Amino acid sequence: MSRAIRFAPFVLLGLLLLALAWRLATPKDDVIRSRLAGQPVPEFVLPAAVPAKPPLASADLAAGEPRLLNIFASWCLPCIAEAPVLDELKRRGVKIDGIAIRDRPRDIAAFLARHGDPFERIGADYDSRVQLALGSAGVPESFVVDGKGVIRHQHVGVIDRGDIPAILAELEKAR
Amino acid sequence: MIAETGLAALWLAAALSLLQILLALGDGRRWFDAARAVRGVAVVHGFLCLLAFVALLLLFARTDLSVQLVAANSHSAKPMIYKLSGTWGNHEGSMLLWVAVLGLSGTVLALFSRRLGERAMTAALGAQGALALGFHAFLLLASNPFARLDPAPIEGRGLNPLLQDPGLAFHPPTLYLGYVGLSVAFSLAVGALLIGQVDRAMAKAMRPWVLLAWLFLTLGITAGSYWAYYELGWGGWWFWDPVENASLMPWLAATALLHSINVLAARGGLRAWTMMLAMVAFSMSMVGTFLVRSGILTSVHAFAVDPQRGTFILVLLAIYVGAAFLLFAMRTAALKEGPPFELVSRESGLVANNLLLSVILGIVFIGTLYPLFAEAVSGEKLSVGPPYFNSVAGPVALLLASLIAIGPLLSWRRETRPFGRKLVIPLLFAITALVVLLFAAPEVGWLPKLGIAVAAGLAPASLIPLLGRNPLRAPLATWGMAIAHFGVAVAIVGMAAESGFTRETLAAARPGDRVEVGPWLVEFREVYPAVGPNWTAIEAEFRASRGSGAVTLKPQTRYFTDPQTETNEAAIKTVLAGQLYTVIGPPDGEGRWQLRLWWKPLVTLIWFGGGLIALGGLLALLGRTLRGWRPRFRNSRERYA
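Chains L and H supply the protein sequences, listed in that same order.
Reading the first sequence from the start, the letters are residues -2 to 172 in the working numbering.
Reading the second sequence from the start, the letters are residues 17 to 657 in the working numbering.
It is worth saying that the hints were derived from the structure and are not from the lab.
Small disclaimer: the values here were computed from a predicted structure and weren't measured.
All C-beta atoms in this analysis are idealised placements derived from N, C-alpha and C, irrespective of residue type, glycine included.
Possibly wrong hints are sitting among the right ones.
[As the list claims (entries may be wrong)] Not close to chain L: a few residues of chain H, all C-beta gaps over 12 Å, as computed:
id	residue
1	Arg131
2	Ala168
3	Met292
4	Leu479
5	Asp604
6	Leu642
[To be verified] With the Cβ distance kept under 8 Å, some of the chain H side facing chain L (calculated, not the full set):
id	residue
7	Phe344
8	Thr348
9	Leu388
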């Protein structure tokens, strides 16, 4: 056996240990960010989620003014916690559109009646296709979209009261 | 007091393991008998380790809440069996169990292994002492199981309810017995390389340990798979999850070692390779422990994770495996080559087995660690899932399974007899199965089809080594091999049938509704609350029938209070042809419940095959250890005849 082969296991082990040590030393980052930040919203046309609200298409997000795009569902418990915060944002003049994920019109209407309705338009994404295209990791999730339809910021998870200033600042930046 | 006794025993054991190393290093001096001293120390060391573990067991049995570990992992309301299994259902306790088994295996090695020369034994026990010292340091410095809690809490914080299951109570200790058995093989290999004696005697001394380790790993993996199947309620039996892979990798290495060591024991060949495998097998069990305990890979298994502990295990891994590999690099040049063998021979069959097993090991290893390397190099986050493992490792495994049919029929060194004729019947079986499947079930994927065909050929082929002589006279080890290989065929049929013929129905149903799944008609009768010792549950009642007669199934969603957790208890009806697997999901608020129903034909064969493989290992182990005694009986009989 040649010398090189005999030392190969030792060298391979060294490489493995280096990689593992690097992983231990780097703190884990569980947040998954969309690669679409800085990119235009992927094109989509969604049907209306409830008869009383206009439907949502990607063109509606490029209407000249920054908007908040909120991904939610009536079956999502954290979304209930998020609802009053979205109402608060609406009171402060933020334009909010919603995408309801894998949901039924009746359930969405009940959700809006019960927990408040901050949305201007709501699209129904029955099979999560638009959600996946947006690179969203779960529900709820929100995107700040500027007036030209470009995604400026992604907020994974619930927007709580503490996040309001940051969201407002992002919307201001997108102006 | 019990806790302090345990702690004292642990410190003493640590001191003795250091002594074991020093004595082994002093071997060869004329003025003292290192061999005897080292054996004695190893025996006492083992008993001290056991004492420490028994102390912890007692503390859990009494639910002594003034001990931090008990308070954090137990609860006075828990059934006794789960109080006891709570001892090793946590990090500190499981490491103590590991050390206890390691110490005891040193005791057994010192007391009973007579095949090995004194020098080899001393060196191996020295290496074993070095292993033990590292884990003692880990326990005493970084994870003391006996730490007190002052003031003691009124009630403990429970045990993960998923772990309150008889299957799981014994799953980790079984795997640990496997890991530790591999540590003895590692110590023997290191000792043999240190004194430069890699020979057949060493291989014969190592073989029972490898068999033992492999037997427990097989049992542990089989039981763990069945546990995940019925407890997680996902309907799958293997998820290629990092923690599962962590137990599979040592098994693959041990399987390769088990076969290559036969070449070394019988023919004196494959010396360097076998030593390398012995080291790799134990390294894999340490890498596995590291992956599980450090939490650097995302897994469905939620263990209490602590990066500091991960660092400690990583340092131990670097020291032990680094030193062993360095030793290997420096010493293998001096190893003599074994006797030559021809292309068609038992040896080359076993070499092919080793190559294929190594390839599978490499595939699993790369797949498990790839997300880590990808992120290190490109910052990209990704995960590797079943599509990779199944489609890459599956064909190699089938190739290996076909080789199993041929290998045992070859003779050592050179095959002179024509053996092709023996394979005619198995080949006919395989082809018939394939043709039947092609016509009867064209929609099934090619991997399950080929799997069933290969298994149909392997099943009869695996029994051929028992024929041609009186089967009752065949050595136990041959029986073991035949049964284990037959078990592989059985397990493959189960896996292939599960992946090819499973029928799944997801439905939202009201009580009174009927749902079809495969040949079954399942009536959803009612839902009602149920109560257990430390949980409440929603229980559903199903009546399932296939034509005549009906069976009742009662799946539950359980809510545990302490800590608050929700689990799905699947209700499973096993019939000869397979299993009906039912799960009750959450309600939708309008009187409907989410039902998940599976019909899984022949799925039980997976674990039945696993059991057969383990049984084969047991027979081989008995055969190998008993054969050592047989000549003695014969001698004594001759003497008195």
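Honestly, which of those hints from before does the structure not fit? Violated hints: 3, 5; rest satisfied.
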